[in-house]
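The primary structure of each chain is shown beneath.
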Amino acid sequence: MSNNLRFKTSKLIDETYRVSFKFNNKKYFGFKGDTLASALLANGIHLVGRSFKYHRPRGIMTSGSEEPNAIIQLHDNSSRTEPNVRATEVEIYEGLVASSQNCWPSVNFDIGGINNLLSPILPAGFYYKTFMWPASFWEKYEYFIRKSAGLGKSPKVPDPDIYEHKYIHCDVLVIGAGISGIMAAKMAAKNGFKTLLVDEKSYLGGSSIYDNSEFSKINNQITSSWLEKEINEISKLENLEIKTRTSVAAFHGYNFLLACENLTDHLPINQRENKVRQRLLKIRAKKVISATGSIERPLIFDNNDRPGILLSSAIKKYIDLYGVACGENNILFTNNDTAYETAMSLIQRGIKVNAIIDNREQIDSKISYEVEKNNIKIYKGYTVVDTYGYRRINKISIMKLSKDGQTVVGDKTKLNCDCLGVSGGWTPAVHLFTQSGGKLKFREEDQVFIPNIYPSDQISIGSCNGDFGLEEIIKNTLSSIKKFLDIDNSEYKTVETISGLNQSKRNIWLLPSDKSIGKTKSFVDYQNDATAKDIKLALREGFRSIEHVKRYTTTGMGTDQGKLGNMHALGIISETAGTKMGEHGTTTFRPPYTPLTFGTIVGRNVGEFFDIFRRTPIHDWHVVNNAEFENVGQWKRAWYYPKDNENMHQAVQRESKAARDSAGILDASTLGKIDIQGTDASEFLNRVYTNAWSKLAVGKCRYGLMLNEDGMVYDDGVTTRLGENHYIMTTTTGGAANVLGKLEDYLQTEWPELDVYLSSVTDHFATISVCGPNSKKIVSKVIPDLDLSDEKFPHMSFKNANIDNIKCRVMRISFTGEHSYEINIQANYGKSVWEKCMEAGKDFNITPYGTETMHLLRAEKGFIIVGQDTDATLTPIDLQMDWIVSKKKYDFIGKRSLYRSDTIREDRKQLVGLLTENPEIVLEEGAQIVADIKKSPIEMLGHVTSSYYSPNLKKSIALGVVKGGKNMLGQKLIIPMENKNINVTVADPVFLDKEGERLNAKL
Amino acid sequence: MFLINCPFCGEREQSEFKAGGEAHIVRPKQPTELSDDEWAEYLFMRKNIKGIQFERWNHAHGCRKWFNMVRDTSNDQIKAIYKMGEKPPVK
Chain A
90 MSNNLRFKTS KLIDETYRVS FKFNNKKYFG FKGDTLASAL LANGIHLVGR
140 SFKYHRPRGI MTSGSEEPNA IIQLHDNSSR TEPNVRATEV EIYEGLVASS
190 QNCWPSVNFD IGGINNLLSP ILPAGFYYKT FMWPASFWEK YEYFIRKSAG
240 LGKSPKVPDP DIYEHKYIHC DVLVIGAGIS GIMAAKMAAK NGFKTLLVDE
290 KSYLGGSSIY DNSEFSKINN QITSSWLEKE INEISKLENL EIKTRTSVAA
340 FHGYNFLLAC ENLTDHLPIN QRENKVRQRL LKIRAKKVIS ATGSIERPLI
390 FDNNDRPGIL LSSAIKKYID LYGVACGENN ILFTNNDTAY ETAMSLIQRG
440 IKVNAIIDNR EQIDSKISYE VEKNNIKIYK GYTVVDTYGY RRINKISIMK
490 LSKDGQTVVG DKTKLNCDCL GVSGGWTPAV HLFTQSGGKL KFREEDQVFI
540 PNIYPSDQIS IGSCNGDFGL EEIIKNTLSS IKKFLDIDNS EYKTVETISG
590 LNQSKRNIWL LPSDKSIGKT KSFVDYQNDA TAKDIKLALR EGFRSIEHVK
640 RYTTTGMGTD QGKLGNMHAL GIISETAGTK MGEHGTTTFR PPYTPLTFGT
690 IVGRNVGEFF DIFRRTPIHD WHVVNNAEFE NVGQWKRAWY YPKDNENMHQ
740 AVQRESKAAR DSAGILDAST LGKIDIQGTD ASEFLNRVYT NAWSKLAVGK
790 CRYGLMLNED GMVYDDGVTT RLGENHYIMT TTTGGAANVL GKLEDYLQTE
840 WPELDVYLSS VTDHFATISV CGPNSKKIVS KVIPDLDLSD EKFPHMSFKN
890 ANIDNIKCRV MRISFTGEHS YEINIQANYG KSVWEKCMEA GKDFNITPYG
940 TETMHLLRAE KGFIIVGQDT DATLTPIDLQ MDWIVSKKKY DFIGKRSLYR
990 SDTIREDRKQ LVGLLTENPE IVLEEGAQIV ADIKKSPIEM LGHVTSSYYS
1040 PNLKKSIALG VVKGGKNMLG QKLIIPMENK NINVTVADPV FLDKEGERLN
1090 AKL
Chain B
1315 MFLINCPFCG EREQSEFKAG GEAHIVRPKQ PTELSDDEWA EYLFMRKNIK
1365 GIQFERWNHA HGCRKWFNMV RDTSNDQIKA IYKMGEKPPV K
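Top line first, the protein sequences correspond to chains A and B. The first sequence begins at 90 in the working numbering and counts up one residue at a time. The second sequence begins at 1315 in the working numbering and counts up one residue at a time.
What the hints contain is simulated information worked out from the structure, not anything from laboratory work. Built from N, CA and C at the ideal position, the CB exists for glycine as well. Wrong hints could be hidden among the right ones.
Under the rule of at most 25 Å between Cα atoms (straight-line distance), these lysine-lysine pairs were calculated in the BS3-like manner [unchecked claim]:
1) K746/A to K1083/A
2) K1379/B to K831/A
3) K978/A to K1343/B
4) K371/A to K255/A
5) K984/A to K1343/B
Not the full set, but computed from the structure, chain B residues with beta-carbon under 7 Å of chain A [unchecked claim]:
6) F1316
7) D1350
8) W1380
When you get a sec, could you build the whole thing from the sequences and use the hints?
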């Protein structure tokens, strides 16, 4: 490293610990404690990236999370690779590898730099305006636009790191460990509040911790020494937890905050093994103290983006905290006193400051006199009008500002430099406050937005509250925290401060130039290459709302979310539009404050833990017997059981044939089961189902259809009357939770007078369905005591029984159209009873079948599946299920809607059967149904909802919804597909055994 | 994320609750007597107020009880929570 850029510092840097790292494939050295940015600067490197649109060379601009330019790709080509990382926030470690983004072949020579020359034809909204026409060309444009879109490269392999979530509850959360945050945390913790103090940096103390100037003192001590003692004191406090490297990402309502705690990113890769990388903290705080500080504003002038141009506060931080000089020939450009502090830090170390360009005519502060004493030339009332140097600034030209600051006058002077520090004053970091719903007010005198109305129990202190002077910060922190926490003892006796700074400022949002605005590139948003010219263009084109200007020009839409330039954009808009700054408001601050990794957001919910899986009590048997599974809601359901390399089609054909020819067995445990008890249970069912329930005898089952109040089918299932006041309702697998919720809703809110109690018992029972001509023989072997004769146990009835002294409920109900039994047994016994059935059915070729075969079998019978054949737009009448809608009942949920003008239309989509002309062709579910393909546009009549090849009928069958389908029986329709048109005939939806002979056959 | 004071369980995270739309809309006792327009009024018409709104909430992942809430939709402040069947304590 170039030694003349390194200076001794007693603070963060450990000069005895050398660290090597690679940047753009070249090896460099830094010290422990360096950030990637400080280490690169120490090596004389400013140019680290290319801008997004014009590919202009860009350098490190800041020293914090607001960095717009120095965003890099970390860990090239490894599984940990991460794009858009701010070099200013990466702590270096041995072996770190990073590279520049958005440039090819290299950051020093980038082909995309041609865009800079093309910039006159790339104005704001260029893409919107250019790629509009001809519309058919979009596919061609898209390829090129996608290639040039986005910054950095996303990883291609799974992330090897571990992430987790943690809940924290505290009395007081203090965000930001600068001077005011430290004081607030001490006051809270010492007064008995359980306090959490977080800061995004690796150290405590904010910018005051390296404030070694004679010009700012507290109780006659240098600020940094005073603060170090404070930090030392609070680190011993018992009810104060301190978290560094922890950045608050979101501040939601009710003092709920999300923060990301970074645990391993500063460690060499080999020390990260088995450690949690990042932790998402979900913090619920009774009180929140925001001490988030402020961000220095840049100044907006022509070519204000060259490498070597930094915020003046960043230059100060690099020299004071990291011992790194950003340049050897420095010039500072300012409209306030901040740059003079930077100048003093440089002067004290013998680093050359060529000049200070100050917008102000009058400067009256101790620190400015001190700078002048050191023979630094101060150009008062001047502005920078241009800068020079392609890969690094080498010159600036300056001119005198007119009295009103709107134009420049006199001659141009050129000054040499290799580093330009800019300071446009300070912007309170109100992002989190605003996220929480806080309302800002605009302070005219120094043109800042500050917190005004708090939406929750919170307060902002320090510079994020608009207090910029040391004296103000300390005085106001003490008084407002005392009030906020309602405490008598501030823990501080007298705090006396001395500051050499004066808060005067000459704010000019867009500095004038000797060129016309069209010829300038004054960047407002560095990352997205949005210039003052673009913002003015947007206003000329009629955009007025700040939100619209933002989206049109992309100002503030980069990964830095415009932390530096948003205020200038607002200022330029109000100046150009001739309105008052405060009236426009700001753009919406949205979380996260700084980008979060996906890993942090997901935490441990990855892979098999992504979502909960529900498994039936018989699941293990299905696994052992080779079942393929499908997800139904959260359930894993056996889909089909392939044998001897069968594909799904082959397996399903075999399974469904066996079920009709001999015996099939299905695990139906996933069906929702709701236990209904109470003296009004029958009345309740009358109100929720479309059919009548009062006369259902004990021991009998009935199929029910449930509607929404709008008359559309919501759920279906069989309900059994177990006793006088006791029913068990089954629901669809996916609908179980919602049905229970809906029933509870009606019970609690509409019919509280009903004596009815509901309990979900879905998980309590295993349900085994045995069907087919031999089902009776099999069940009689499993439950020999049970009389299965049609007289004693007819279709749609229920019996209590025992299997090896274990109580079970047996229903004779059928979803396949076959003679079938459903055995419900306490869940723990599910697997053994299933195995018993398999054993008993051995001689009858009992065949386990999955959901696919179940769907096929029921489709042969024309039974609907709610959610597959229906989609909340179909009434029972549309489904041709008029038979289940009671005409006699006075009311039930959805009844009134069945004769609204819309629901009685004849041309509604109605459920029909569809048969293909060629019985071997199986339609695609979801395919569109039309009548006339010559008409243009072709009218869509409906779509196919279920479609299978039926081995029992030896032909393709389908269900679909068709406009006016009820009256189209026998009519020919067309299913247009990509390469062919398929001819179909509208048929009865019941394809097999319409008379129910199979169901009622004497076995 | 709100903290909601369930009238049966006490203060809990919003993630345990489900919002259930506007409160105090009574299901007509005799729907068959209503015209299409009157039924549609009950079925479809809901207020979407910026300001004080009366809502139904359900402690779905808790006691499963429904209750009413008065919430200022402009700032998400919960003004009151009261049981089903009770009169709103604020106007």
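List of violated hint numbers, smallest to largest: none
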